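Asks: Since each chain comes alone in its own frame, lean on the hints to assemble the complex.
Take a look at the letters that make up each chain.
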Amino acid sequence: SQKIEQNSEALNIQEGKTATLTCNYTNYSPAYLQWYRQDPGRGPVFLLLIRENEKEKRKERLKVTFDTTLKQSLFHITASQPADSATYLCALGGGSYIPTFGRGTSLIVHP
Amino acid sequence: DAGVIQSPRHEVTEMGQEVTLRCKPISGHNSLFWYRQTMMRGLELLIYFNNNVPIDDSGMPEDRFSAKMPNASFSTLKIQPSEPRDSAVYFCASSSTQGALGQPQHFGDGTRLSIL
Numbered sequence: 001s002q003k004i005e006q007n008s009e010a011l012n013i014q015e016g017k018t019a020t021l022t023c024n025y026t027n028y029s030p031a032y033l034q035w036y037r038q039d040p041g042r043g044p045v046f047l048l049l050i051r052e053n054e055k056e057k058r059k060e061r062l063k064v065t066f067d068t069t070l071k072q073s074l075f076h077i078t079a080s081q082p083a084d085s086a087t088y089l090c091a092l093g094g095g096s097y098i099p100t101f102g103r104g105t106s107l108i109v110h111p
Numbered sequence: 001d002a003g004v005i006q007s008p009r010h011e012v013t014e015m016g017q018e019v020t021l022r023c024k025p026i027s028g029h030n031s032l033f034w035y036r037q038t039m040m041r042g043l044e045l046l047i048y049f050n051n052n053v054p055i056d057d058s059g060m061p062e063d064r065f066s067a068k069m070p071n072a073s074f075s076t077l078k079i080q081p082s083e084p085r086d087s088a089v090y091f092c093a094s095s096s097t098q099g100a101l102g103q104p105q106h107f108g109d110g111t112r113l114s115i116l
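Chains A and B are the protein sequences, given in the same order. Quick note: the first sequence uses this note's numbering, first residue 1, plus one each step. Quick note: the second sequence uses this note's numbering, first residue 1, plus one each step.
Bound conformation, chain B alone (with noise of 0.2 Å):
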């Protein structure tokens, strides 16, 4: 089975481009997770979606940063204009959220962004 996906795996960019990272969750996943990693703060909870809704998105650092998710199988997360602090390894994942509380996360190997 095919597990998160991911795009791009890496992107190189100049401060003021936006940058716009792309997420196709696992099929049948109704939770969706948006979550940005940097060696001082950890792995940081950026954007929940549950069925497409956003859910909580206080997380979202500044008016730069939005997240959209048109349907089940696709979301996106962009960042406009972009800074030299946005550099950070961005990772989605996603979850089921029927049952029991504690299901697993599954995440995608992450997008790497590095702005200059």
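Isolated chain A (complex conformation) (with noise of 0.2 Å):
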């Protein structure tokens, strides 16, 4: 069956490095892949969407990787700041446009 792993994990980094959580994925073959952000008591928020033919996508301190072989996304923040603080779930789609929900990574950020 499809699985999306997600680090359950929290990560915690100091304020200026680069965050990198991680999605893997198993007996899928998603069409895109996105991301998003959920801060306590709130909705996910959408970040950014990445195509199964896309390597790289960037949007200002955001990056998002594809790599259709290794089954892997990575999603970076570069200069992370407290603010950053918040849970990121991935999101795989494959011929529908219904997503598939990681369970999320806790990030951290300490000033």
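A portion of the hints provided could be inaccurate.
Over 12 Å on every C-beta distance to chain A, these chain B residues come out as not near it, computed from the model [what the hints assert, rightly or not]:
#1 Gly28
#2 Gly42
#3 Asn50
#4 Arg64
#5 Leu101
Derived lysine to any residue pairs resembling SDA-like cross-links, with alpha carbons at most 25 Å apart [claimed, not checked]:
#6 A:Lys3 / B:Lys78
#7 A:Lys63 / B:Gly102
#8 A:Lys59 / A:Gly16
#9 A:Lys3 / B:Thr38
#10 A:Lys3 / B:Ala88
#11 A:Lys59 / B:Thr38
#12 A:Lys55 / B:Phe65
#13 A:Lys59 / A:Gly94
#14 A:Lys57 / A:Ser85
#15 B:Lys24 / A:Arg37
#16 A:Lys59 / A:Thr20
#17 A:Lys71 / B:Arg41
#18 B:Lys78 / B:Thr38
#19 A:Lys3 / B:Asp86
#20 B:Lys78 / B:Phe65
#21 B:Lys24 / A:Lys71
#22 A:Lys57 / A:Leu70
#23 A:Lys3 / B:Arg85
#24 B:Lys24 / A:Ser96
#25 A:Lys3 / B:Arg41
Incomplete in silico selection of chain A near chain B, CB under 7 Å [unchecked claim]:
#26 Lys3
#27 Tyr28
#28 Ala31
#29 Gly43
#30 Pro44
#31 Phe46
#32 Leu49
#33 Lys59
#34 Ile98
#35 Phe101
Derived from the structure by calculation, the hints contain no laboratory data. No experiment lies behind these values; they were computed from the predicted model shown. Glycine residues also receive a C-beta, built at the ideal position from the N, C-alpha and C atoms.
Replies: And the structure:
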């Protein structure tokens, strides 16, 4: 069955460093991958989309890579700030408009 | 612009009672999704509507759960009778399915449901 894995342990980093979060998947050939941010008590907020034929996408301090051979996406936040602290979820979609979400990784940026 | 609006934000009720959660999607979006989020299972899709028609309800846990979308601007998720294991945060999301795959989903801030 399809499986999406995100690190369940929180990632703790110092302000100014680059945070790297991982999304691995098995038994899946996604057409696209999305990353969302979720703050406590709020719904997920869409950040970035990357399609299967794209290797890398950037938006301001965010960068996403998509390696369909390794079945992995990496999500980078450069020059991280305490305000970046949140849970980040990846979501994979195949041939439909309905993505499947991972369980998310918590990021804590220490000042 | 108003985002997805859910009500109530919090609901505490006793086991056996009927619970109705409400959602107003973003105007112009033609797809609506209901999700349930728990620590154990993460974000689970319950049901998906496209143009007000239920397309995929395979995630609805059992017959106690039902969802309706009488028009493009309103949807409800009902649990009757409710059980303690239904306690979770329920999210509604909307998106447009016009154009390429991968359109972002826009989430409401959820209803935190506690069944005692």
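Asks: Each hint: holds or not?
Replies: Tested hints:
| no. | hint | in the structure |
| --- | --- | --- |
| 1 | Gly28 | holds (15 Å) |
| 2 | Gly42 | violated (4 Å) |
| 3 | Asn50 | violated (8 Å) |
| 4 | Arg64 | holds (23 Å) |
| 5 | Leu101 | violated (6 Å) |
| 6 | A:Lys3 / B:Lys78 | violated (29 Å) |
| 7 | A:Lys63 / B:Gly102 | holds (17 Å) |
| 8 | A:Lys59 / A:Gly16 | holds (17 Å) |
| 9 | A:Lys3 / B:Thr38 | holds (17 Å) |
| 10 | A:Lys3 / B:Ala88 | holds (22 Å) |
| 11 | A:Lys59 / B:Thr38 | violated (30 Å) |
| 12 | A:Lys55 / B:Phe65 | violated (41 Å) |
| 13 | A:Lys59 / A:Gly94 | holds (23 Å) |
| 14 | A:Lys57 / A:Ser85 | holds (21 Å) |
| 15 | B:Lys24 / A:Arg37 | holds (22 Å) |
| 16 | A:Lys59 / A:Thr20 | holds (15 Å) |
| 17 | A:Lys71 / B:Arg41 | holds (22 Å) |
| 18 | B:Lys78 / B:Thr38 | holds (18 Å) |
| 19 | A:Lys3 / B:Asp86 | holds (24 Å) |
| 20 | B:Lys78 / B:Phe65 | holds (6 Å) |
| 21 | B:Lys24 / A:Lys71 | violated (36 Å) |
| 22 | A:Lys57 / A:Leu70 | holds (17 Å) |
| 23 | A:Lys3 / B:Arg85 | holds (24 Å) |
| 24 | B:Lys24 / A:Ser96 | holds (23 Å) |
| 25 | A:Lys3 / B:Arg41 | holds (13 Å) |
| 26 | Lys3 | violated (12 Å) |
| 27 | Tyr28 | violated (14 Å) |
| 28 | Ala31 | holds (6 Å) |
| 29 | Gly43 | holds (3 Å) |
| 30 | Pro44 | holds (5 Å) |
| 31 | Phe46 | holds (4 Å) |
| 32 | Leu49 | holds (5 Å) |
| 33 | Lys59 | violated (13 Å) |
| 34 | Ile98 | holds (6 Å) |
| 35 | Phe101 | holds (4 Å) |
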